[in-house]
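As a plain string of letters, each chain reads:
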Amino acid sequence: MTDRGREVVFAQAIRTALREEMQRDESVILWGQDIGVYGGVYGATTGLQREFGEDRVRDAPISEMAIAGVAVGAALLGMRPVVEIMYADFLMHAADAIANQAAKWRFMSGGQFKVPAVFRSPAGGGSGYAAQHSQNIESWFCHIPGLKVVCPCMPRDARGLLKSAIRDDNPVVFLEHKSHYTYRGPMPKEEELLPLGKADVKREGTDVTLVSWSRNLLWALEAADKLREEGVSIEVIDPMTLFPLDLDTILESLAKTGRLVVSHEAHAFCGVGAEIIAQVVEGHMDLLKAAPKRVSAVACPLPYSEPLEKAALPDADDIAAAVRQVVR
Amino acid sequence: MSEQPSVLLGYLRAMWVIRHFEEALDDLFGRSLIRGTCHLCVGQEAAAVGACAALRADDQINSTHRGHGHFLAKGGDPRRVMAELFGRATGYAGGRGGSQHMAGWDIGFLGSNGITGGGIPVATGAALSAKLQNTGRVVVSFFGDGATAQGAFHEALNMGSLWTLPIVYFCENNLYAMSTPLRSHSAVSSIAERAAAYGMPGVEVDGNDLLAVRDAVATAAARARGGEGPTLIDCRTYRFLGHSKSDKREYRTEEEEAAARRRDPILRFRALLLEQGHASESELAAVEEDARNLISEAVEFAQASPLPEGDPSAKVYAP
Ligand SMILES: Cc1ncc(C[n+]2csc(CCOP(=O)(O)OP(=O)(O)O)c2C)c(N)n1
Ligand SMILES: [Mg+2]
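If you read the sequences in order, they're chains A and B.
With this note's numbering applied, the first sequence closes on residue 336, and no number is skipped along the way.
With this note's numbering applied, the second sequence closes on residue 321, and no number is skipped along the way.
If we strip away everything but chain A, and leave its shape as in the complex, we get (with noise of 0.2 Å):
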């Protein structure tokens, strides 16, 4: 077996790629509310302002669309900004620069320039954040030509992309979710570059192909361990990168299975499930041997109270549920 290092809590995955990249390039700076003393309001920058100094690690004012704005104009003089946004909500604020400006100045410069900034953010529920702290707001950005999406779940993938991200030239969105900085998982010692566009199998299997991310792929291992148990055999696919796609690795997947179920914590209604499900019916029909499914949120702002919160969120039951009909 090879090393499987030690476990570390997602936090420190993503402490531990921010600092080997701010040690191995210089030019690799960071910004954001509370993100020095404070060390983020998850921590994940815990430490970094002490080891790198104030100017590579900077509190910036509740100015997120100058956060972000910034962030495009230091990117575009060779600068790597990772800036964090203190919540994916807040992403709204700095849409501007991130939708109207890093992922389009490359097109609009006719290629001349280039955006290699990096815009993490905590998003997603299930912490009683309430409606303006608990958005899935991925598709969003997925929609924008520019711009690549990344969401990891596992502690070590989010340390190998998003140190792939600080390396890439283009603009990257990165989403963490919220209630997972504390999930623990193994990383190795080793530096390790996990490709940005690539999915990862995170379960073989032969009879329905599950494809989840973020916080969410945990119900989806969940559901495939129960339904183990009722003798159905699910290979879990976690994209990671949800734009751009990687489709073949789903459609490997399909060619075994033939039954394909979607799930993610954002609600239905034009997510990303939506989009994976119509390039899998328009061009690769043939694979299907039934109607795909998608699980998700029930489309509404996230409610405070638990039990409606968890009414409104998929879990590993919802998931079971959708996969014994598609196997049916």
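If you are wondering where the hints come from, they were derived from the structure by calculation, not from laboratory data.
Here are the simulated lysine-lysine pairs, DSSO-like style, with alpha carbons at most 30 Å apart:
#1 B:Lys247 <-> A:Lys318
#2 A:Lys210 <-> A:Lys234
#3 B:Lys317 <-> A:Lys318
#4 A:Lys210 <-> A:Lys301
#5 A:Lys264 <-> A:Lys297
#6 A:Lys210 <-> A:Lys264
#7 B:Lys317 <-> A:Lys301
#8 A:Lys234 <-> A:Lys297
Predicted, not measured: the structure shown is a model, and the values here were computed from it.
For this one, chain A is given, so just place chain B with the ligands on it according to the hints.
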């Protein structure tokens, strides 16, 4: 101006209600009886109560993530505010909103806000309606010092002034935005100074002096009602507790916190009432006891209330 003892005792009581409400919450959070996050305003009670004391009942306010005090000061029922925090069906939003998203239409509370600065343009719009509908109402928008770094702050104040709207921009300047001190997030040390950029008066006030806050807001509200437009108030105060429940407060010293506690707005006002002979020691003690009991009842009410059930997507759209 001669002050009525009963009114003054009312202010004191309102501050104690907020203090006990927040301290009860702190305890409930510590025991994991309440989920999510919440931002307490212990130490800032005079700002909320002083400002609301200058308003008419039909005036409107909106607020921030640190909004329980504003809600209570505007006349919110502590039982239903507490029930909202417990996620109960009897809460103001039936458990849908939670700490950062409180709303009380009947008392003119147009929402606290999880988006820093997000409420400032909304309040400005409410003031536009007050003007167009000739209601004679004034709107007060509460926000923190940190929020003044948002584009929304600048854009709204400029429009509010250009359109001469009946609004008071009330900055609860507790000298920190989370862990970031004012000097690290604002290029000028006085928020009041910013008013010059929008052609409106900027007023600095000691936010731990209830009567000073009330009078500053009364002047600003009279100006707004009189059709002369907005005022920016820089209300200097201090939050005694952490930014939220997870804050270890490593960014400030114990000495600084102790010095702030010596300026406790409630104890200060209480001493004033005693000194000026507005109330006896036993009357003052009774007011606090009364507030404490009200909050115990609120917690009991909330805990005994049912949880919401049914379709989480109900109430997303107006019918
Ligand atoms: C748009 C946006 N950015 C960041 C945050 C996270 N956040 C919540 S409160 C806060 C600090 C606010 O400081 P201030 O406005 O001074 O209010 P205070 O907490 O001191 O009352 C921050 C950064 C947010 N809620 N919304
Ligand atoms: Mg503040």
